[in-house]
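Enquirer: Here is what each chain is made of, one letter per residue.
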Amino acid sequence: EAGVAQSPRYKIIEKRQSVAFWCNPISGHATLYWYQQILGQGPKLLIQFQNNGVVDDSQLPKDRFSAERLKGVDSTLKIQPAKLEDSAVYLCASIEYPPTGLSSGANVLTFGAGSRLTVL
Amino acid sequence: AQKITQTQPGMFVQEKEAVTLDCTYDTSDQSYGLFWYKQPSSGEMIFLIYQGSYDEQNATEGRYSLNFQKARKSANLVISASQLGDSAMYFCAMRGRQGAQKLVFGQGTRLTINP
Chain A
1 EAGVAQSPRY KIIEKRQSVA FWCNPISGHA TLYWYQQILG QGPKLLIQFQ NNGVVDDSQL
61 PKDRFSAERL KGVDSTLKIQ PAKLEDSAVY LCASIEYPPT GLSSGANVLT FGAGSRLTVL
Chain B
1 AQKITQTQPG MFVQEKEAVT LDCTYDTSDQ SYGLFWYKQP SSGEMIFLIY QGSYDEQNAT
61 EGRYSLNFQK ARKSANLVIS ASQLGDSAMY FCAMRGRQGA QKLVFGQGTR LTINP
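Protein chains in written order, with my numbering: chain A, 1 to 120; chain B, 1 to 115.
This is chain A alone, in the form it adopts within the complex:
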């Protein structure tokens, strides 16, 4: 099966500009996540969708970040205006929900290759 697709892979912008990242999860995966990974750190959850509804956006800086998954399939993460500290890799992940076909509740998140953002 095809994996999680993300684009663009790399983006360089000036501070105060805007940027958008796109993610297409594995077909049939109802749950989609956006993680932010700053260099040298572990990924941090920004937002979790279940179909087209938001499950958790408690760590999303809503003054500048927004995300949508209008049709419950692909998703877009937007940053406007960008700050220097937004430089990071933005990882999208998806999972089949409710879990099926996996033993012991593993239900593994599958990640995309990420979108690397550099803010100058």
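In short, the hints are calculated from the structure, not lab data.
You may find that some hints are simply not true.
Said to hold, decoys possible - Restricting the straight-line Cα-Cα distance to at most 20 Å, the calculated cross-link-like pairs of lysine to any residue (SDA-like) are:
| # | chain 1 | residue 1 | chain 2 | residue 2 |
| --- | --- | --- | --- | --- |
| 1 | A | Lys44 | B | Lys70 |
| 2 | B | Lys3 | A | Asp56 |
| 3 | B | Lys70 | B | Tyr25 |
| 4 | A | Lys15 | B | Gln107 |
| 5 | A | Lys44 | B | Ala1 |
| 6 | B | Lys3 | A | Glu14 |
| 7 | A | Lys62 | B | Lys3 |
| 8 | A | Lys44 | B | Gln107 |
| 9 | B | Lys3 | A | Ile38 |
| 10 | B | Lys3 | A | Gln17 |
| 11 | B | Lys3 | A | Arg9 |
| 12 | A | Lys44 | B | Arg110 |
Remember, predicted model here, so these are calculated numbers, not experimental data.
Given the structure of chain A, go ahead and fit chain B onto it with the hints provided.
Expert: Quick look at chain B alone, frame taken from chain A:
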């Protein structure tokens, strides 16, 4: 709240040796899952191994095994017979309450395999 701690920023190991990457966790949940992911320089997170909190046996997947000590809240990853391709960042992660599928990650350990 859940927390994952990886205390080894970097590890250097000779090829073909075994290596243990440390992970401790904190949670008040009785049911939880522990995961290890590998992140090579290409950036993609690759799932390695999973351990459920009620699993009685330590998980194994090929050269990977998980040393799960529930009372000590540790879930160390053991890689046997290391290979040059094992050089990467390794992340320990936890998922809590059933139905809430998000993962909380540790800071990671950079593993370098020397020839």
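Enquirer: Now tell me, hint by hint, if it's right for this structure.
Expert: Hint check:
no., hint, verdict
1, A:Lys44 <-> B:Lys70, "25 Å, violated"
2, B:Lys3 <-> A:Asp56, "17 Å, holds"
3, B:Lys70 <-> B:Tyr25, "10 Å, holds"
4, A:Lys15 <-> B:Gln107, "27 Å, violated"
5, A:Lys44 <-> B:Ala1, "14 Å, holds"
6, B:Lys3 <-> A:Glu14, "34 Å, violated"
7, A:Lys62 <-> B:Lys3, "24 Å, violated"
8, A:Lys44 <-> B:Gln107, "10 Å, holds"
9, B:Lys3 <-> A:Ile38, "18 Å, holds"
10, B:Lys3 <-> A:Gln17, "34 Å, violated"
11, B:Lys3 <-> A:Arg9, "30 Å, violated"
12, A:Lys44 <-> B:Arg110, "18 Å, holds"
Hint compliance for this structure: hints 1, 4, 6, 7, 10, 11 are not met, and every other hint is.
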